[in-house]
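Colleague: These are the residues of each chain, in order.
Number of protein chains: 2
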Amino acid sequence: MDNPLPPGSVIGILGGGQLGRMLALSASRLGFDTHIFDPAPNGPAARVAARSWAAPWDDDGAVEHFASKCDAITFEFENIPASALAAAASKAPVRPGRRSLELTQDRLIEKQFIRDAGCQTVDFADVNSISDLEAGLSRLGRPAILKTRRFGYDGKGQIVIRDETDLETAWRDLGEQPAILEAFSPFQRELSIVAARAANGEMAIYPLAENSHEGGILRLSKAPAHVDSATENSAIEIARAIGAGLGHIGVFAVELFDVDGQLIVNEIAPRVHNTGHWTMDACACSQFEQHMRAVAGWSLGDTIPHSACEMTNLIGGDVTNWQGLASDAATCLHLYGKTEARAGRKMGHINRLFPLND
Amino acid sequence: MDNPLPPGSVIGILGGGQLGRMLALSASRLGFDTHIFDPAPNGPAARVAARSWAAPWDDDGAVEHFASKCDAITFEFENIPASALAAAASKAPVRPGRRSLELTQDRLIEKQFIRDAGCQTVDFADVNSISDLEAGLSRLGRPAILKTRRFGYDGKGQIVIRDETDLETAWRDLGEQPAILEAFSPFQRELSIVAARAANGEMAIYPLAENSHEGGILRLSKAPAHVDSATENSAIEIARAIGAGLGHIGVFAVELFDVDGQLIVNEIAPRVHNTGHWTMDACACSQFEQHMRAVAGWSLGDTIPHSACEMTNLIGGDVTNWQGLASDAATCLHLYGKTEARAGRKMGHINRLFPLND
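So the protein sequences, as listed, match chains A and B. Anchor point for the first sequence: position 30 equals 30 in my numbering, and the numbering is continuous, going up by one each time. Anchor point for the second sequence: position 176 equals 176 in my numbering, and the numbering is continuous, going up by one each time.
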């Protein structure tokens, strides 16, 4: 795919949750059709798409059939099974490419990649046994965080090892699977930077957001974060190094710890990211449109916000107050079309806009 | 329908063109599902909706089946046949109501309504024959504009009667159908005001736009228009009078002639309007979301823009330059997913944002 896709082209999305839904809505705005592939039928994205496919990830034939109708394919989450990705790629270009997934699906490989890209991480140790865990702890000290190498999100698949923690229990609770032990970072705040990289290497980088989590789930992002220009520049350098290192095409996000003005890379998301939802209402080109521009081979859009924004996630029962939220004219309400408001489930978000430089 | 519709409700849209598409995209953002009814299958709106129905307008059974799946119904254009509207209304509340259509589908009835609402119009005459036309011209003078009473849009169904115009030819060219003769207005500029009215009578009114047309088709809207506060207040009064007079629920637009600071009402559109497309990128709540809020019985959103905006329609072959348009990071590009770029066809629009008060 060397030429930009013309309007009317079909962009396929692997994964049909809220990120797929917001990607599809943005693609439609640019005149694209979207097709959704997800094992669950009739999900948030399928209901706003031109066509949707419900089949298991390991049904290669279904993935290939879906992909054969698409001019380009992207995904909404990084844990797409490798076989599904290969099946899709056999029929249409998949953007971002496999490298972006391979380097970020596994926390150990990801940390090594981040260091290779010249960025800082916390100290870490490879843990495949209790004795690895003991050795790691004697080097990194307690507290430390033991995480599965794969399939963790929203605080799942991780255990804090404190002074009193019994190691055998922790190792068993984690499932005795390949893990990484990470040193505890004494950070003052969590920041993130959302950026897009085009096929030609061009990059578009949004201002930093400052984030707070509750129970391992993002609660609040404020953007642009109040940072000095040294921090801003350091974050931009990190985004450039990681985008180039991945050979990424599309949007990605880098989660950062601010430790006395030093930026430590916590995690990379090779996709649109919850801490970029503020761009939907505060920028002329949202992270979702930006991603679709990159996937379609278009030039990237503007990343300068016209407003400051405070994004609050609506989690689980938060949405029972939808009438109150809808009647606050100062906020932009986004709901994902999920019917069951389970605890911890992301149901929507609100963006509250402010004049810049307030 | 007394209570606001909860997220997850189905909003039906009669008409599946670009206005239906943009309505559907905004409804999805709020967590609604949309169903589209249009005689043409697979149009711009159908491809972003949860479900779509293709059947002729006079297929009452199909309209009723569509409507039976909806919690509320709206429309994207004012020339919905009365029988289809009645069929829809037999199964679900239709918003805005029939009165908004009956008073605006017919130019003569519309002008009389506008005057009854206490607003100014140009002089006009009811024309059902050549002799009516002659009598009208002797009162209104030449030039004057002869328009069909029904089904006119984008400059269609109208003929300018100049000094040299042969009346028999003009009357024949118009199809010898019920018509209205309108005096020529010596306006300095065309303005429009887009407003929403909730079921409880509450109104939300956007700033005025200044518009220019080419060949009877809107080309450019600039908003907020530079007007003095007397003009602004006069326009707001007009919007309030017309919204209340129609008993309207949803968005409507009023096209105005500015004649030496006096506002003359040219036309009412009982729906979202092309001169309100600027709100998509310059306001936290676009006219499309605003309409869906009213239709769902929600409270209305904010109408204060965060930016000034220049909206340019992309008509016919304009879209062949989509690559140039897409690569201008200062504009927001909107394409409607229409495949055939016929002359005079609205294919998309661009919104260029500016800081307010420039």
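Hints should not be assumed to be uniformly reliable.
All copies of an identical chain are treated as equivalent in the list; a pair is satisfied when it fits inside any one copy or across any two copies.
Lysine-lysine pairs mimicking DSBU-like chemistry, simulated, CA-CA at most 35 Å apart [claimed, not checked]:
1. 338 to 69
2. 69 to 222
3. 69 to 346
4. 147 to 69
5. 91 to 222
6. 338 to 91
7. 91 to 346
By construction, these hints were calculated from the structure, which means they are not laboratory data.
Colleague: Does each hint fit the structure? Answer for all of them.
Modeller: Against the structure, the hints come out as follows:
1. 338 to 69: both (27 Å within a copy, 19 Å between copies)
2. 69 to 222: neither (39 Å within a copy, 40 Å between copies)
3. 69 to 346: Both ways: residue 69 and residue 346 sit 30 Å apart in one copy and 27 Å across, limit 35 Å.
4. 147 to 69: neither (38 Å within a copy, 47 Å between copies)
5. 91 to 222: For residue 91 and residue 222, neither the intra-copy (40 Å) nor the inter-copy (45 Å) Cα distance is at most 35 Å.
6. 338 to 91: both (31 Å within a copy, 26 Å between copies)
7. 91 to 346: This pair counts as both: shortest intra-copy Cα distance 32 Å, inter-copy 34 Å.
Checked against the numbered hints given earlier, the structure breaks hints 2, 4, 5 and satisfies all the rest.
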